[in-house]
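Protein chains: 4
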Amino acid sequence: MLLKTLREEVLEANLELVRRGLVLYTFGNASGVDREEGLVVIKPSGVDYDDLRPEHMVVTDLQGKIVEGSLRPSSDLDTHTLLYREFAEIGAVVHTHSEFATSFAQAGMAIPALGTTHADYFHGPVPVSEPLTDAAIEGRYVYETGLAIVARFKGKDPVDPMAVPACLVAGHAPFVWGKDAHDAAHNAVVLEAVARMAFRTLTLRAECAGVSQALLDRHYLRKHGQNATYGQA
Amino acid sequence: MLLKTLREEVLEANLELVRRGLVLYTFGNASGVDREEGLVVIKPSGVDYDDLRPEHMVVTDLQGKIVEGSLRPSSDLDTHTLLYREFAEIGAVVHTHSEFATSFAQAGMAIPALGTTHADYFHGPVPVSEPLTDAAIEGRYVYETGLAIVARFKGKDPVDPMAVPACLVAGHAPFVWGKDAHDAAHNAVVLEAVARMAFRTLTLRAECAGVSQALLDRHYLRKHGQNATYGQA
Amino acid sequence: MLLKTLREEVLEANLELVRRGLVLYTFGNASGVDREEGLVVIKPSGVDYDDLRPEHMVVTDLQGKIVEGSLRPSSDLDTHTLLYREFAEIGAVVHTHSEFATSFAQAGMAIPALGTTHADYFHGPVPVSEPLTDAAIEGRYVYETGLAIVARFKGKDPVDPMAVPACLVAGHAPFVWGKDAHDAAHNAVVLEAVARMAFRTLTLRAECAGVSQALLDRHYLRKHGQNATYGQA
Amino acid sequence: MLLKTLREEVLEANLELVRRGLVLYTFGNASGVDREEGLVVIKPSGVDYDDLRPEHMVVTDLQGKIVEGSLRPSSDLDTHTLLYREFAEIGAVVHTHSEFATSFAQAGMAIPALGTTHADYFHGPVPVSEPLTDAAIEGRYVYETGLAIVARFKGKDPVDPMAVPACLVAGHAPFVWGKDAHDAAHNAVVLEAVARMAFRTLTLRAECAGVSQALLDRHYLRKHGQNATYGQA
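Residue numbers (this note's numbering), protein chains in the order written: chain A, 1 to 233; chain B, 1 to 233; chain C, 1 to 233; chain D, 1 to 233.
These are calculated hints, taken from the structure and not from any lab test. It cannot be assumed that every hint is accurate.
[As the list claims (entries may be wrong)] Capping the alpha-carbon separation at 35 Å, the derived lysine-lysine pairs in DSBU-like fashion look like this:
1. D:K65 with C:K223
2. B:K223 with A:K65
3. B:K223 with C:K179
4. D:K223 with A:K65
5. B:K223 with C:K65
6. B:K223 with C:K223
7. C:K154 with C:K179
8. C:K223 with D:K179
9. A:K179 with A:K156
10. C:K223 with D:K4
11. A:K223 with A:K4
12. A:K223 with B:K179
13. D:K223 with A:K179
14. D:K223 with A:K4
15. A:K223 with B:K223
16. B:K223 with C:K154
17. A:K154 with D:K223
18. C:K223 with D:K154
19. D:K65 with D:K156
20. D:K4 with D:K223
21. B:K65 with A:K223
22. B:K4 with B:K156
All chains, full assembly: derive it from the sequences and hints.
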């Protein structure tokens, strides 16, 4: 993929977050990766969305070293690059403080799989990371945030990051990913809709058990995998 | 009715769902039936609403066999056609994941008749179907979804589908119908408003008893039936 | 006041309800009264707001007899005219199914005076009427709705309709009034905002006691009465 | 700073409150201070936002005596001027009845620090003032409102007004401030977002403990102070 195309896709993903009401002021960022070149393209920090142009995107290597760009990258860069290094199949990462997903993160609660809307995108609950220790917060905080996500997906209760492309960071907000920038932004938008509905479902029935594994499988697999039947071939 | 007119009406119903905020991305579909010709017109699967034209609508027979159209029909087609076969008086079906109605469906709760807004459109609670068995989910899932709706309306606690033109599918979302595509979309929009208000009413007073049968009758019958007094004659 | 001016004011009040999101489709109506001529101007029933023109407004006498206009008046006419006959100082009536006020009406709960926003407009709780008997519902239902409002304001726990210009009809929705059509629509918009905040306040603290009588008096009197200090003289 | 520039900044802050949905009709006001000249610029009372021009802003001294302007100043002027006299570092004050922050104020509850969005702007809970006594309400009410805020920040459980630039007035609504008018309006918008998320977090988990002091410190200090790493240098 041409770096120019990736810059445009990453910008477009950032703008989609704004259009869908997921970010207030500059509370969000999206990045994409070029696996062949080993390059990450990410939004600059604290620039108004109205002013963003493809050439403002910052290019770094997978360690976060700036390769191109005169602006400072998003302050969450070290989380993005760690996710690219640890989750080999993902092509883009999105971070927002979208309000309902963030409310679950603040409550330290996973978003349970309560319906088929959820199952179409997330093949099980959207997990929440363990709270960071004080030492982690006072140390390489942004990198430690990434470590907490990776620990949740690769730890003793493992989750496939391609089957559940999102994690709530406890006390913070969601990180979401996908096969490319468009897909990651789309997943972030759906995550927020799923969180809104989970919030209301739990308000109506706190002990709601959620959908069966059979329903989870059916919905997830009709949109993903070799036998997908949704959309145009 | 000319098939051309039905295509336009079905497209317009799909667009009304978008304008009223009932669908996110491509999470919804509307269809209509021409009873004389035995033909169903339905939205294609996974096409952006911005790009939809009347000629994109897919035409099938009442068994779901494609008669006209080069696009794949909505993946929910088998639910729509079953409803047309079983509910002889309906002229159109709408399916959305509108958020509050879906939250009731996820909680497995009917929407109780708590006020006159509800009574103007639904002559009793909006029922919820029984959860599908694993065998049904793993079998002809979309058809089984339709069967679950029909079982709820024609089973041991029957409901007249013309008096209550909607059903919540447990763990999934609402299906709504009406005498034509405009009417079905209108009912889907009102169902979501009624669900929002029921959610808030139950939050304020969990044990809320709902309106009397006399009020249900009065409001429903003033908008429907031979002695309707609402609107212009 | 010229009838032409009153038609325009009543139309404008109806449109304000739409602009502020208080009505869905045709779920609302506003009217105004010319006390000197004994004439009421009211929205016609079930006409799309986009198509409403001043000449569509229906003119009746205070008994609801049509004096001018070829369209059928709002189906709630008999409530409006009764309020004009019983509350001698009001100049306009608005009825909506605005969602949070309606949720309190469906729960059969008054909206308590929980803050200064409320106190600026309503000098005490916004009351809820008694449920109608089956006989009342099956009889002159719309007129009986008006009687229930009047009974609540003039009964054993009386309320001054000019100090609290709104009533929730149990199981139905709010009726709101004011000195003229602009004022009544404004009160309906504020009532809905006050209901939204009361809903959230009670969710946060169910036993919230509400503001003191001293605060109620201070806020209400700084916007109303001879010593008002708000706005430009 | 030129007074002309301050008038424009104060107008712009008022308009930002409208654009972000924080004020309904005329329920809000913003002011700014010129510390060198000892002058306060504030919105006039009860004027439609659509009609506001820089020249309509009212100029007073720090005691609230009008120096320039033919319109009556905001009825909350005495609260603003007291905050300028007591909090020597603030450059602007904003007052709104934004709905979720107001719901916390009505419930008499501080907004706890439940996540990093909060911590980026408020270095601890957003406190709520003590209810005013009847004597205070019946006396110099607007001035007493300011005294209650100051008592909360300078009393036995003191809060640094530059680290927590907002206070909820019990039974009323928030007052927010900042280093200039743009900053104060921005803080008011974020306060409302933080209140929305706190409301939902507490609904999900009433006993939510909130973030650690280490996380509070980390987020607050990365946006504020000498070692800030957010945004462009």
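Hints versus structure:
{"no.": "1", "hint": "D:K65 with C:K223", "result": "holds, 22 Å"}
{"no.": "2", "hint": "B:K223 with A:K65", "result": "violated, 68 Å"}
{"no.": "3", "hint": "B:K223 with C:K179", "result": "holds, 32 Å"}
{"no.": "4", "hint": "D:K223 with A:K65", "result": "holds, 22 Å"}
{"no.": "5", "hint": "B:K223 with C:K65", "result": "holds, 22 Å"}
{"no.": "6", "hint": "B:K223 with C:K223", "result": "violated, 41 Å"}
{"no.": "7", "hint": "C:K154 with C:K179", "result": "holds, 19 Å"}
{"no.": "8", "hint": "C:K223 with D:K179", "result": "holds, 32 Å"}
{"no.": "9", "hint": "A:K179 with A:K156", "result": "holds, 25 Å"}
{"no.": "10", "hint": "C:K223 with D:K4", "result": "holds, 31 Å"}
{"no.": "11", "hint": "A:K223 with A:K4", "result": "holds, 30 Å"}
{"no.": "12", "hint": "A:K223 with B:K179", "result": "holds, 32 Å"}
{"no.": "13", "hint": "D:K223 with A:K179", "result": "holds, 32 Å"}
{"no.": "14", "hint": "D:K223 with A:K4", "result": "holds, 31 Å"}
{"no.": "15", "hint": "A:K223 with B:K223", "result": "violated, 41 Å"}
{"no.": "16", "hint": "B:K223 with C:K154", "result": "holds, 32 Å"}
{"no.": "17", "hint": "A:K154 with D:K223", "result": "holds, 32 Å"}
{"no.": "18", "hint": "C:K223 with D:K154", "result": "holds, 32 Å"}
{"no.": "19", "hint": "D:K65 with D:K156", "result": "holds, 32 Å"}
{"no.": "20", "hint": "D:K4 with D:K223", "result": "holds, 30 Å"}
{"no.": "21", "hint": "B:K65 with A:K223", "result": "holds, 22 Å"}
{"no.": "22", "hint": "B:K4 with B:K156", "result": "violated, 40 Å"}
Figure legend: structure checked against the earlier numbered hints; hints not met, in rising order: 2, 6, 15, 22.
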